[in-house]
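S.K.: All chains, full assembly: derive it from the sequences and hints.
Each chain, written out:
Number of protein chains: 2
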Amino acid sequence: MSLIVMKFGGSSVGTTERMQRVAQRIVENRDAGHQVVVVVSAMGDTTDDLIDQSKRLNSNPPAREMDMLLTTGEQISVALLSMTIHAMGRQAVSMTGWQAGIRTEPLHGKARITDIRPDRIHEALEAGGVVIVAGFQGMTEQGEITTLGRGGSDTTAVALAAAIKADVCEIFTDVDGIYSTDPRVVKNARKLPEISYDEMLELAHLGAAVLHPRAVEYAKHNNVKLVVRSSFTHNEGTTVKEEAVMEQGIVVRGIAFDKDVARISILGVEDVPGVLAGVFGALADGGIDVDMIVQSGVLDGKADFSFTVAGGDAEQAVSIIAGIRAEVPYRETTSETGLVKVSIVGAGMVSNPGVAARMFRAISDLGVSIKMVSTSEIKTSCVIAAEPLQEVVRALHTTYGLDTAEQVFVGGPSERR
Amino acid sequence: MSLIVMKFGGSSVGTTERMQRVAQRIVENRDAGHQVVVVVSAMGDTTDDLIDQSKRLNSNPPAREMDMLLTTGEQISVALLSMTIHAMGRQAVSMTGWQAGIRTEPLHGKARITDIRPDRIHEALEAGGVVIVAGFQGMTEQGEITTLGRGGSDTTAVALAAAIKADVCEIFTDVDGIYSTDPRVVKNARKLPEISYDEMLELAHLGAAVLHPRAVEYAKHNNVKLVVRSSFTHNEGTTVKEEAVMEQGIVVRGIAFDKDVARISILGVEDVPGVLAGVFGALADGGIDVDMIVQSGVLDGKADFSFTVAGGDAEQAVSIIAGIRAEVPYRETTSETGLVKVSIVGAGMVSNPGVAARMFRAISDLGVSIKMVSTSEIKTSCVIAAEPLQEVVRALHTTYGLDTAEQVFVGGPSERR
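So the sequences go chain by chain: A and B.
Read in order, the letters of the first sequence are residues 1 to 417 in full-length UniProt numbering.
Read in order, the letters of the second sequence are residues 1 to 417 in full-length UniProt numbering.
Hint data in this document are derived by calculation from the structure and do not stem from the laboratory.
Short, incomplete list of chain B residues facing chain A, as computed with Cβ under 10 Å: (1) Thr16; (2) Arg64; (3) Thr71; (4) Gln75; (5) Thr84; (6) Ala92; (7) Val93; (8) Thr96; (9) Ile145.
Taking CB as the label site, the calculated pair distances span: (10) A:Gln91 <-> B:Asp115: 23 to 31 Å; (11) B:Asp289 <-> A:Met88: 32 to 40 Å; (12) B:Glu28 <-> A:Pro329: 56 to 64 Å.
Where is the CB? At the ideal position from N, CA and C, for every residue including glycine.
M.R.: Structure below.
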C-alpha cells in the first residue's frame, strides 16, 4: 500500500466527461489499496471568467479580494470531484486549502507556503476516504485566504506530498511526460523515463509549462518523487527525482530552445564597479526580463557585454540603455532580433569533457554561425539565427544519441493536444 | 453614528449595474458616518447553475459536498461587491461565513447558527472599512463548511445584527416593503409603515418570500429591528419590530391568501386516543405538508375532521388515508380541490370582539359560502371557493379600513418586478 498524491490541472476536469475520467483514475488507485490525496485546479476557464467579472467592476481590484474571488474556482472543483467519486460508490472528502492545513505567508496573489498541518488529511485517510484538496490556495495565520500564484496547484501537490511523506506525487497533464525535445520540431523526440530535478529546471521551457519551476524546486528541496503523466492515457510518464539514471552512452538529457530572442550588445563600457548593476537594474525597473548575460573580458579598461531578451522587449531595452548613458558611459550599442537560443541539458555533462565542443561543431557543420554562448554545469546554450532552427535541433538530437532508445515516442503532436 | 446591517438578495446583485447600485447604496450609508456590515446572497442564478452542474455528476450528492459547492456562490458575491466599493474609493473587507465567526450546528444543508464570534468584524469596522459577509453559510466547531438552508441569508443578517448589537437590520429586496395585501389583487393595497414580528410571521405568505420566517423568529427572539425595503428605490420600507403601532381605528394589519388549496374531510372517525397522531403522522411520512386542521366536536363517539393541503397533494393525501383505514377506522372521506384560504391578520384582533364576525359577514354578503374556519389570537382564516377571490380580498380590505391611510401605495405591480 502506497500513499499517493495525484494532481490534476484545470483542463483535465474541464467537462463532465473529463471529471468522470479523473474520478475513475482516482478510484483505480484507491481500489488497488493505496491511500490517495488529490489536488485539483479550477475547471477549464473558471479562473479567467472570474477575472473577467472582476475587471468589469474594478480595473485594479485589491489582491486580497482577488484571492477571495479566485479561490472559489478550486473549491468548486474539489466539491464536484468528490461528488463524482461518491457517485461511483466510493468515499471522498473535499477540503479547501485552509481545511487541509496549508498555511502561507501573508501575501496576496503569490504567497509561499510556510507550513502544512495535515491532521485533517490524515484523519480523513484513516477513515478510508479519498482526500481532495483545492490547489493554489492557503490561509495566513490571521485567517486570511491567499493564493500561491503561478504554478500554484503543482506547488500545493508537492508541498502536501512532502508534508504527508507520500511515496510519489503524480502530476497529470495533457502531455505524456517530459520529452528529449519538442516533438513538434523533432519527430524522433523521445519521452524520457527519468530526469533529475536540476535538469527539469533547466528544461523548464521544454516542459512547456507542464511543471512549474517553483514546484520542481520545492520537490528538490524536500526530495519528493514526481511523476509527470497524461490524464488521458495510462502510459508511463516521466519520473523527476534527485538522481536520474542516464542511459548507456548518453550525456545529454534533452534539447531545449527559445524562439524569438533578441541580442543586445553594449560595447566599450567603462570598466567601473557597479556598471553591470546599473544596466540590469535599469532594465529590471523597466520590467524587462533578461535571460543570458555574457561578458567576455576587459580590454584597455573597456568591456563589451551582451545579453538576450524576448524579441518584443528589444526596442524598449535599447531605449532604456540609451537613457542611462550619463551614468554608464559606453561607446555604442548593437542589437539583433529574430534569433533563437538552443540549449543542451544533462547532468552527465559535468564529467564529460568535449560535450559543448560537439554542440559547436554540429551547429557549424550546418553552416550556422554562433552569436553567443553561455554555459552552466549541466547546460550549454547557443544563440543562433532563427532560420535553420529545426535542422539544428534535429542535428543535436542525433549528435547526442537521443534519437534511438528503448522507449520511443509513439504519438504525434496531435495526441499532445 | 449608527451601526447598520444591510442585506441584499441575489437578484439585487445579479448584474454589473445592480452590483454597482448596491455598492453606491452602501457607500451612502458609510459616507453618512455609519458603520456598515453587509450580508449578500449568491448572484442571480449562480446557485441554480452550481446545482445543475452537481446533478450532472451525481444525482444524489452528499450534503457536505453540496455545502462546499454552494458556499462558493456567496464568496464570489462578497469578493466582487468589495471590489466594487474599492473602485469607488472606499475601504471594504469581504468575509466568508467562517471568517465572520458564524458557527453552526454540524448539519449540512440546513444548519442553525449556534454562535457568532464577531471579533474580526469589529476589528474591520474599527479600521474604518465596510464589512461584507457571505450569507447563508457558517462553519462547525470541527471546521466543516455548512449552509443555513432556505432563507439563510436573511438569517445571517439578523443573527449578525443581534451579535454586533446593530441599531437596525435592513433587508433589501425587489419589493418596496410589506403590503396590506397583494397589490396585484387589490389596487388599493397599502405599504405598511410598521408590522409586529408575530403579524409578519402570520403574513409570511403575503410577504411572498420577502422575509424568511426563520429570520423573523430570530429577530423576534433577539429583538432585532428589521426594515424591509427596495434595493431599487429610496422609498421608506416597512419596519418589523415587537410593538408595531396600529393606525387609528385599524385592527387588522393585512389580508393574506393562499391559492390552490384542497380540503380533505374524514368523517365518522372512532374517537380513540392517537387517531389524529395516526392520520397526520402518516401524511408527514408521505411528505405531505398539512396547513389548517379543524375538528368541530365529537358526536356519539364519532368525530369529523378536516384539513387543508396544497392542491397538488390532495390525491396522494386521500390515498394515504385509505391506506391506514385498518389502524384508523372511519366512515368515509370527502375532498374538494380548487379552493382558496383567506386570512385576516392583526395584533389588534385580540382585544376587539367581533372582528371575525365582520369577516364572515363580508364574505357571505358576496354570496360566498365558507367551507372551513380556523382562528388564532391574531389571525382568522376562512377556506372558500377560488372563484370570487379577488372580490373577497377587496371587500375585506375595505371592511377593515385598509384602503384609506396616510401612506398610500403609489406604484403598481410592475414596479415590484
